[in-house]
Each structure stands twice: as structure tokens, then as C-alpha cells.
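J.: The residues making up each chain are set out below.
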Amino acid sequence: MIIFFRYIISFVLLISAQVVVLNNIQLSGFINPYVYILFILILPFNTPKWLTLIAGFLTGLTIDMFAHTPGMHASACVLMAFLRPYIQALLSGVRDYEADAQPMIQDMGLRWFFTYVSILTLSHHSLLFFVEVFHFRELFVTLSRILLSSAFTIILLLATQYFFYKPKKNIISGKI
Amino acid sequence: MHQIFNFIWKNYAFFLFIILQFICFTLIIQHNNYHRAAFINKTNDFFGQLTEQVDGVYNYFSLASVNRSLAKENALLREKQQDAFFIADRNFIIVEDTIYQQKYKYRTAKVINNSIHKRRNYITLNKGSQHGIKKDMGVISADGIIGIITGVSQNYATVMSVLNANTKISAKIKRLNHMGSLVWDGVDYRKASLNDIPLHVTLEKGDSIVTSGFSAIFPENIFIGTINNYSFKEADNFFTIEVDLGVDFNNLSYVYVIENLMRHEQQYLENQTLKE
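So the sequence lines, in the order shown, correspond to chains A and B. Position one of the first sequence corresponds to residue 1 (this note's numbering), numbered consecutively onward. Position one of the second sequence corresponds to residue 177 (this note's numbering), numbered consecutively onward.
By construction, these hints were calculated from the structure, which means they are not laboratory data. Glycine residues also receive a C-beta, built at the ideal position from the N, C-alpha and C atoms. Please note that a few of the clues may not be correct.
Interface residues of chain A toward chain B, partial, derived using beta-carbon atoms under 8 Å [claimed, not checked]: (1) Ile-25; (2) Phe-66; (3) Pro-70.
Each computed DMTMM-like pair below joins lysine to aspartate or glutamate, with the alpha-carbon atoms no more than 20 Å apart [claimed, not checked]: (4) B:Lys-286 x B:Asp-221; (5) B:Lys-281 x B:Asp-312; (6) B:Lys-218 x A:Glu-132; (7) B:Lys-218 x A:Glu-138; (8) B:Lys-303 x B:Asp-221; (9) B:Lys-451 x B:Glu-435.
Please work from the sequences and hints to get the whole structure.
T.: Structural data, given as C-alpha cells:
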């Protein structure tokens with residue numbers, strides 16, 4: 001139950017941060033960070049697939065409401081939610097995870113988290129930006145938008161991990 | 177059957193993914209103007225060809241009435257020709273000059289798809305960019321105005337008809353020269369309403385409504401319809417006027433696409449003036 005409320009709070013915080021602050025950042029005209037996708041990234045490992053998909057859809061739709069782009073973010077988020085379990089399985093066998101582990105930096109380590117976040121962010125941004133322009137002319141402009149925005153988003157995502165989450169005390173190995 | 181259910185159950189995440197993406201793209205295409213236009217333009221060519229084939233068959237059934245309307249129009253044009261006038265006065269001189277410069281160019285086109293029952297109705301024509309049709313040209317028929325070109329592909333064009341909640345046409349009452357805007361309220365395809373006519377004007381049932389010519393899309397004095405009924409509410413400054421449309425939108429075949437050759441000049445000048 002506590003975990004449920006923690007996710008609700010993080011949902012509200014991430015959405016408001018995205019809408020109030022980040023949607024207004026447009027570095028050199030077309031670099032947009034989309035940090036709200038962190039919500040879908042950090043859902044617990046044992047979240048059922050259908051719940052991940054629905055959560056992704058609703059998260060994207062909420063952002064769409066504020067950005068007046070019905071369907072675009074929702075579509076990108078659903079793709080990300082769909083790929084999530086496969087990427088997790090690819091990066092390491094699902095059984096390796098501890099029972100209460102979450103896909104966050106303090107449980108999984110920097111390298112794992114970085115790869116995980118990069119792949120999913122790229123997939124999200126690719127679909128989002130291609131749907132936004134809706135044609136394949138000016139392919140290089142779109143690709144550079146995708147790459148630059150993804151890089152920016154990934155940096156911000158890693159930064160939030162270091163800002164907001166304290167490293168867990170690991171009693172067995174004695175590390176603090 | 178059992179195996180099919182099993183298959184769907186095993187891959188339910190994939191099917192849910194497809195369903196959600198379908199919803200997303202429906203939202204995208206319905207609610208984003210640019211995406212809808214791009215989608216319509218891409219599908220226009222395909223569906224245009226398809227409907228043209230179907231329409232070719234239907235055409236045979238309406239040949240009689242089309243012929244009648246064309247013959248009627250031919251007669252009207254013949255009446256206006258110089259030969260039709262008897263010269264009553266011999267006291268005149270013919271002067272060849274350049275006072276008259278062509279302003280409007282007319283192209284004929286055929287309606288190959290049409291709807292009247294939606295909130296936003298569009299018409300498809302069988303001519304496109306290679307016939308010189310461009311966006312924002314006006315479309316009329318012998319009975320009155322039809323709409324404005326909104327999408328053009330190589331061989332087809334879509335027209336936002338008067339029966340569209342987004343259409344607003346600058347109109348005037350022919351007898352009095354008062355200007356208002358004509359909109360469609362989305363219910364009856366034979367009726368539209370004229371707004372912005374102030375209360376001090378004395379209206380009569382049966383007054384003709386024509387285009388004002390201010391929009392640089394339609395020439396002046398093209399017939400739209402006649403006043404069927406008018407009323408006003410207390411504390412309101414404008415009449416509510418019900419207009420009987422001249423065109424029967426349920427029965428369209430040949431239309432004219434109007435190009436205003438001086439439109440760019442007029443708009444350029446107007447924009448320049450606004451900027452200053």
C-alpha cells in the first residue's frame with residue numbers, strides 16, 4: 001500500500017515538473033527533455049504487463065492533455081511500456097532480481113540502469129518525434145532532434161536518481 | 177477455437193499494445209489538424225480513384241437530370257451572349273480597349289464523393305494540382321456556392337462544403353447591401369443561418385443572400401440562398417436569420433472551381449498594410 005502511494009506521489013510530481021518546467025525548455029529551438037517517462041521506467045519488476053501498458057497509456061495521455069497533442073505522447077509511452085519487460089529480460093535474466101528490487105540505480109547499479117534507460121528513452125523519443133513530424137522528409141533533422149533530446153533526457157534521468165534516492169544500506173556486504 | 181483463445185491469452189500483452197496504439201493514432205489523426213491533413217492527402221489519391229470507379233457506374237443513372245441542368249445553364253449562357261441581343265440603337269461605336277482584365281478563371285470539375293449528414297462535410301472533386309487547382313479556391317455550381325478547396329493531391333481535391341461547422345462565408349443581402357457571415361448549424365442540409373445583421377435593417381422573407389466578394393475567394397453577387405425566416409431575442413443586437421440554401425447538396429454533379437487571379441495581389445497589399 002505504501003508503495004502504491006509512493007508511485008502516485010511520484011506520478012504527480014513528475015507530471016507537474018514536466019508540464020510546468022520542462023515543457024517550456026526548448027534549447028536551441030528543438031531539444032525537449034521528457035523526464036516524465038521515469039514513472040514508467042521505475043515501476044516495480046513484478047508489475048503485470050497489462051498494468052504497465054495501461055499506466056503508460058494514461059501517463060502519456062495526461063501529458064497530451066497539457067501539451068495539446070492528443071495521442072502522441074500516449075503512443076510513445078505505450079511503445080515504451082510494451083518494450084520494457086523485454087529489455088529487462090534482455091539485460092539480465094528476470095530471476096536474478098531480488099524480490100523487492102526496483103529498476104532504480106541504487107538496486108541495479110549505474111551500468112545496468114544507464115543501458116536500460118538509454119534504450120527505452122531512445123525508443124520513446126524516436127516514435128514521439130517521428131509521429132510529431134509525420135513524414136520522412138528532412139530525416140536528418142528529425143534524427144538529430146531524437147538523439148539530442150534523448151541525450152538530454154538521459155542525463156536528467158540519471159541526475160534525478162542521484163538527487164532523490166539515497167543509496168540503500170546493504171547489511172550483508174557491509175557497504176553503506 | 178480453444179487454441180485461438182490460448183494463443184490470444186498467451187500474447188495478450190501484444191494485442192493490448194496493438195489496441196492501445198490504435199486508440200492513440202485515432203486520437204492523433206482526429207484531433208491534430210496537421211496530421212489529419214497529411215493523412216487525408218495520402219489517402220485521397222487511393223480513395224479518390226476507388227470512388228471514381230464506383231461513381232462511373234452511378235453516373236449512368238443520373239444522366240437525364242444532369243443533362244437537364246446543363247441544358248438549362250447553356251440556355252442561360254446563350255441568353256447572355258451578344259447574339260441574343262437585338263441592337264435597338266444604331267448610334268454607337270465599337271472600341272477595342274484594355275479596360276477589361278480577366279480577374280476570375282473558372283474550371284469545371286465533377287463531384288465524385290459527397291456527404292451531408294456529418295458535422296463537418298467534405299466533397300471530393302476529380303481535379304487536382306495538375307489541373308491547376310490550388311488550396312483556398314472557391315467552388316460554386318449553377319445554383320449557388322458550394323464551398324472552399326481545402327486539400328489538393330495530384331488528381332483530386334477536397335472541398336470543405338458550406339455544410340461544415342468550420343466554414344464561414346462572407347455574405348450580404350442583395351437588396352440592401354448589408355453584410356453578415358453565413359454559417360451552418362449542423363442540422364439540416366437545406367438550411368444555414370446568417371449572422372451579424374443588425375436590428376435596424378428591415379428584412380423581408382424571400383430576400384436573396386449573395387456573396388459579398390470581400391474574402392477574395394468568391395466573386396461578388398454569387399447566389400447563396402433566400403431568407404426563409406428571421407427573428408431576434410430581446411437584449412440581442414443582431415437578427416437570427418434562417419436561410420434556404422440555393423444548392424441541393426444531396427444532388428451535386430458538376431461544379432465550377434473559381435480562381436481569383438488577383439487574390440495574391442490583394443492579400444499581399446492587405447498584409448503589408450496590417451504590418452505597418
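J.: Take the hints in turn and mark each one as holding or not.
T.: Hints, verified against the model:
1. Residue-level restraint check for Ile-25 of chain A is violated (minimum Cβ-Cβ distance to chain B is 22 Å; threshold 8 Å).
2. Interface restraint check for Phe-66 of chain A: the shortest CB-CB distance to chain B comes to about 14 Å, outside 8 Å, so the restraint is violated.
3. Taken as an interface hint, Pro-70 of chain A checks out: its beta carbon lies about 4 Å from the nearest beta carbon of chain B, inside 8 Å.
4. A threshold of 20 Å between alpha carbons decides the hint, and for Lys-286 of chain B with Asp-221 of chain B the separation of about 15 Å falls inside it, so the pair holds.
5. In summary, the hint linking Lys-281 of chain B to Asp-312 of chain B is supported, as the alpha carbons are separated by about 14 Å, within the 20 Å threshold.
6. Taking the CA atoms of Lys-218 of chain B and Glu-132 of chain A, the gap is about 16 Å. The hint holds against a cut of 20 Å.
7. Straight-line distance between C-alpha atoms of Lys-218 of chain B and Glu-138 of chain A comes to about 18 Å, which keeps the hinted pair within the 20 Å bound.
8. Proximity of Lys-303 of chain B to Asp-221 of chain B is assessed by CA-CA distance (about 11 Å); at most 20 Å being required, the pair is judged to hold.
9. Of the pairs offered as hints, the one joining Lys-451 of chain B and Glu-435 of chain B is violated, with about 26 Å between alpha carbons and a cut-off of 20 Å exceeded.
Consistency note: the structure conflicts with the earlier hints numbered 1, 2 and 9.
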